[in-house]
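Using our numbering, read the sequence shown as starting at 1251 and increasing by one per residue.
Don't read these hints as lab results, they were simulated from the structure.
Among the clues, some could well be false.
Cβ-Cβ distance ranges computed for the label pairs, FRET-style [as the list claims (entries may be wrong)]:
no.	residue 1	residue 2	range
1	Ala-1631	Asp-1362	24 to 30 Å
2	Gly-1314	Ile-1610	45 to 51 Å
3	Leu-1374	Pro-1337	39 to 45 Å
4	Gly-1266	His-1604	49 to 55 Å
5	Pro-1337	Ile-1610	55 to 61 Å
Ideal placement from N, C-alpha and C gives every residue a C-beta, glycine not left out.
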Amino acid sequence: MIEAGITLLRLLLGLGALFFLGYAWLTLLIPRPRDFSGLERAAFSFGAGVLVLTLWMLALTLGGVPFGLEWILGPPLALAAALLLAPRGRRAVREDWRACQVRPRIAFNGWDWLFLGLLGIVFLYALPRAALYPIWAWDAVATWGCKARIFYASRGLDLTCIDAHNYYPNLIPLLLSYLYFALGQVNDSLAKVIFPLWGALLLGLLYSLAARLGLSRRSALGLTAFLALNGAVFIVHLYIAYADLPLAFFTLGGAGLIYLWLAGAAPRGSLTLSACCLAGMAWCKYEGPPLAATLILAAALTLAWLRPARWVRRLGQLSVPLAGLVAGYLPWRLFAMQQKIEIGADHIQGFYPHQMVQAIYYLLAGLAEPYYFGFLWPALALALILAGNRLWRSPRLFLALFVGGNLLAIILAYAVAPTGAAEFPAYVRATLDRLLLHLTPVAALLLALGLKDVDSALANRNLPGNHPLPVSKAEP
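Using the sequences provided together with the hints, build the complete structure.
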């Protein structure tokens, strides 16, 4: 019992170090962390902490320093402490401490409790499912879990004894190996707790961003529960130990921050923080850099189309998230070149028109597949139709371009996939749900704008001046 308690304490301290490290970096990236909500600060602190720590582990390997908890955590935590002792860090800590002492009472109504209860049921299922089972499923074992064990045993990013998509970025294996070091042993069940945590932070970030867009608390909670409970894909990824849920988290953060910046509603430092999210996308998974690049492209096209005030200057400011993409992409590519790791050109060997036709059918079927995401994508299609001209005359065009462009990219990716005719349907079934997961939280954010239109229409309809006076039949 005592040993189990110590192991659990080590896990909590290891996770706490990630939040502490990320929170310190937030004070460097943004002028006033209090401009972001508590849920946003928690989510971005965790994402930044994971990004900084795993990139530091890559730097240790490049420097020939073997992994050990003292080297993995020592220098980053010392730097984090220095950041928090700097004037900006001290001010952020002081403001957060004062806010903690004043706790406003929040009155939940029946709908709020219903949505919170549904979300609670999701995690009451997913958390034990993650903690009681070892790592399973092909990519989780071969691509991520096996590498994590090797990195822990060899005390470094050693790929000489494994050949399982070695050109993939290694945020997830390095994160899992860090948790092994924090636990003092390989313990897949406890390390997998990181994925329900990541899912909870993703949902918290979606709720907070939806509230920033103008949704009421009830609508924002309903949207969050709608995403979590639509289909089984999101729930499965809470415990399957794949890199797709973290990629969806960073994609939502980057897209949400850039949208707020385009709409002129972003807190100061949002563009810099979006650069951190794009770096996470690039370092998280092989599909991350193209997704990050399309975020920047969609933002540039939106500025060129809408042409707001100083739009040329704002185009230049997109170099900030572009720098984040480079910062997350370049270190791994330099390491791969140094280690002579093949880049995976086998994924693009030709163009197969018949696969493209099949891919269109499979994608449309997948968007309406109840197992994947239930009614979310059909609801988004309806919201886009009802948006009308607002879609082309507002920054929501950015979200639509990003989602639509990447749906087309999925079709093109299947058109160049080097698979046989008999294998192609199985290949699509094994990958389509994950590719849609990368986009679905952003699609939910776009759906939030449609819900905002409905909320506004209902509010205007309920104004006293918008109702004709009733005529009494008793009057002569």
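field: CB-CB spacing for Pro-1337 and Leu-1374 relative to the 39 to 45 Å hint
entry: holds (43 Å)
- request: Given the hint of 49 to 55 Å, check if Gly-1266 and His-1604 actually sit that far apart at their C-beta atoms.
  value: holds (53 Å)
task: For Pro-1337 and Ile-1610, compare the CB-CB distance with the range 55 to 61 Å and indicate the outcome.
output: Hint holds: Cβ distance 56 Å, inside 55 to 61 Å.
field: Outcome for the supplied range 45 to 51 Å, where the beta carbon pair is Gly-1314 and Ile-1610
entry: holds (50 Å)
message: Holds or violated: the 24 to 30 Å window for the beta-carbon distance between Ala-1631 and Asp-1362?
response: This hint holds: roughly 28 Å between Cβ atoms.
Every hint from the earlier list agrees with this structure, and none is contradicted.
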